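Novice: Residue numbers (my numbering), protein chains in the order written: chain A, 1 to 98; chain B, 1001 to 1548.
If you are wondering where the hints come from, they were derived from the structure by calculation, not from laboratory data. Hints should not be assumed to be uniformly reliable.
[To be verified] Calculated cross-link-like contacts (lysine to any residue; reagent style SDA-like; alpha-carbon spacing at most 25 Å): (1) B:Lys1460 / B:Phe1040; (2) B:Lys1433 / B:His1149; (3) B:Lys1241 / A:Pro40; (4) A:Lys43 / B:Gln1247; (5) A:Lys43 / B:Leu1227; (6) B:Lys1388 / A:Leu11; (7) B:Lys1241 / A:Ser91.
Keep in mind that this is a model prediction, so the values were computed, not measured.
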Amino acid sequence: MIAALRRARDLGPLVSRIVAAVFGGYALAALSSIAALALPMRKPEAVLTGMLASFAIYAAAVVWVFAVRSALRAWMGLLVAAAPLLLAAWSVRAGGGA
Amino acid sequence: MRSNDSTVPRAVSKPPRKPRGIRQTMSDLHIWAGLLVGWFLYAMFLTGTVSYFKDELSQWMRPELAHQSEVPDPALVAQRVASQLAILAPGSPQWSIGMSDARNNTANAFWRKPGVQGRAFENATFDPSTGHKVAARETPGGEFFYRFHFQFHYMPVLWGRWLAGFCAMFMLVAIVSGVITHKKIFTDFFTFRWGKGQRSWLDAHNALSVFGLPFHFMITYTGLVTLMALYMPWGSDTAFKTPAERQQLTAELSAFIQPAKPTGQKAALAPIDDMVRQAQARWGRDNINRVTITHPGDAASRVSVSRGEEGRASMSPQYMLFDGASGKLLSTKDSVGPAAETRGVLYALHLGRFGDLPTRWLYFLVSLAGTAMVGTGLVMWTVKRRQKLPDPDKPYFGFWLVERLNIAAIPGLSIAMAGMLWANRLLPVDLLKRGEWEVHAFFIVWAMTLLHALLRPAKKAWLEQLWLAAAVLALLPLLSVFTTHRPLWQSVAAGDGVFVGIELMLWALAALHAVLAIRTSRHAAKLRPSRREAAGRSAATASAGEAA
Chain A
1 MIAALRRARD LGPLVSRIVA AVFGGYALAA LSSIAALALP MRKPEAVLTG
51 MLASFAIYAA AVVWVFAVRS ALRAWMGLLV AAAPLLLAAW SVRAGGGA
Chain B
1001 MRSNDSTVPR AVSKPPRKPR GIRQTMSDLH IWAGLLVGWF LYAMFLTGTV
1051 SYFKDELSQW MRPELAHQSE VPDPALVAQR VASQLAILAP GSPQWSIGMS
1101 DARNNTANAF WRKPGVQGRA FENATFDPST GHKVAARETP GGEFFYRFHF
1151 QFHYMPVLWG RWLAGFCAMF MLVAIVSGVI THKKIFTDFF TFRWGKGQRS
1201 WLDAHNALSV FGLPFHFMIT YTGLVTLMAL YMPWGSDTAF KTPAERQQLT
1251 AELSAFIQPA KPTGQKAALA PIDDMVRQAQ ARWGRDNINR VTITHPGDAA
1301 SRVSVSRGEE GRASMSPQYM LFDGASGKLL STKDSVGPAA ETRGVLYALH
1351 LGRFGDLPTR WLYFLVSLAG TAMVGTGLVM WTVKRRQKLP DPDKPYFGFW
1401 LVERLNIAAI PGLSIAMAGM LWANRLLPVD LLKRGEWEVH AFFIVWAMTL
1451 LHALLRPAKK AWLEQLWLAA AVLALLPLLS VFTTHRPLWQ SVAAGDGVFV
1501 GIELMLWALA ALHAVLAIRT SRHAAKLRPS RREAAGRSAA TASAGEAA
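Build out the structure end to end from the sequences listed, making use of the hints.
Specialist: This is how it looks when you write it as structure tokens:
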């Protein structure tokens, strides 16, 4: 029982990182593909730029999540990166696009 | 995760005292990202590699169709097939004809079923010289491996594509983390320690990876790009609210024109060959890819003739649009925006269709190295851990599973792919749903290799499957002698590069499997004395940092 709890405690941060990498990374990439609409270019161009770049952002997010010292830092990093993207994405929605 | 602990002893239980270096964490990421979907990646890589010759393979799988020594004039072919479609599919809102070319001795058309809402399509294969449906055995041809490599089978197409995307993303992460892990990327490329067990596997894995690194990275990223609208629809969903708005984007990606509203007013279709000739004058005689006709016979009919892939490394749409009733040129699409062109080039780089024969061979070989990279990576996982097993004859479940799946995934897949080609030669020509049975044969054989791998001792299973793969590959050209009218010597005499090329390739691949089998048996023989390596545990742990 205690062994199982200890195991859960040991595995917790790892599971947290995996969730951060798979879902957090995807969310960040998706967000960046929306934020790309704020770029000063024609809409189809901005959409495609966002799509093309999203996989690099996803991969970078995954590497970040596993590179840093703790699961908490991993999540914080994702949130910090998401903040400006969220702002840009929000401006796109609010402004109804460029 | 138990085996993870064995790679990195005590790392999980006391992280704060001694933070692990970036190479160590990236090595773990590389190992696990690679292992978890490695079997899918191996299958995607190998079937994708073969797909660089899918048109040639399709020709080989339809031996009834004569070798095409000259490319028939696309203008005439388009007219012939269109005339045939007028009989086969009258009242269809859309026909689309994929032209025959230097690599395809058939024209393939698909059309929307008339009177059915949504995406109901039918398709058929046509003989370019007559315009009639081809009279050849029913087979998916090389198209099956191509489709399988990005959407698998026996599941909805979209699920398969998501699964492929998920695996490709793992691959991308494995590549990036592999590069970070690998500090001596240049010197290691020139290091090869033959016959040294784990070291040799590591060096082989490194050499294969580093040699093709730009290719592997490119092929993985561009693979994601080919289906990016599926994987990352959020920008497009935000920017475009109506189908009309969305059309702005589609027009940048595809030459495939959508049917507009018909007028209901009848108007005979103008000659298609005249329209194709105008396109030939612009792009060259044989550089026509596809002719799409909407609402044939209606006054609102449109015909698009799109440019082939020759002479440009881009899949961006380039086409001429004609009024179907009058035959007048309405517009020419020559270019797309910079981002769309970037996507078009990346897409073309993945498919490699722009290349001539030497380029295609280069693609094939480097891609095969990529397949071997994934394969050696998978094998290395077991080689590295076997030395540390307390009792190699009774490994823990995870090890046992990886070892067995590796066998079914690597030599088993070779046997299954060859098995499909055997089915292509052996199934009765008039069998109902024959094409589907060729595919079933592939999976039945593959399942049998898995069963065999689970039941036999691992080393024996490796050897037996490698030898079996070599045998079934080597016997295929012989099988053709007895089951077709095109034995190898006749193909040589006829100067049929496609049949000769494929059958020699089958022998080369058989030889490759035989060499692997011989090396495996030698390795097995001298494995036992060299197990003292396990003594230096710290050395092994350090090597895990370099690994992969």
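Novice: Check whether the Cα positions of B:Lys1460 and B:Phe1040 lie no farther apart than 25 Å.
Specialist: Roughly 24 Å separates the two Cα atoms, so the pair holds.
Novice: Could you grab the alpha-carbon distance between B:Lys1241 and A:Pro40 and see if it respects the 25 Å cut-off?
Specialist: holds, 20 Å
Novice: Does A:Lys43 pair with B:Gln1247 here, judged by a C-alpha cut-off of 25 Å?
Specialist: holds, 12 Å
Novice: Compare the distance between the alpha carbons of B:Lys1433 and B:His1149 with 25 Å, and conclude whether the hinted pair is satisfied.
Specialist: holds, 22 Å
Novice: Hinted pair, alpha-carbon criterion (25 Å max): B:Lys1388, A:Leu11. Please report holds or violated.
Specialist: Holds: B:Lys1388 and A:Leu11 sit about 23 Å apart, inside 25 Å.
Novice: Has the given pair, A:Lys43 with B:Leu1227, been kept, meaning a C-alpha gap of at most 25 Å?
Specialist: holds, 19 Å
Novice: For a C-alpha distance cap of 25 Å, please report whether B:Lys1241 and A:Ser91 respect it.
Specialist: holds, 17 Å
Going through the hint list in order, the structure satisfies each hint without exception.
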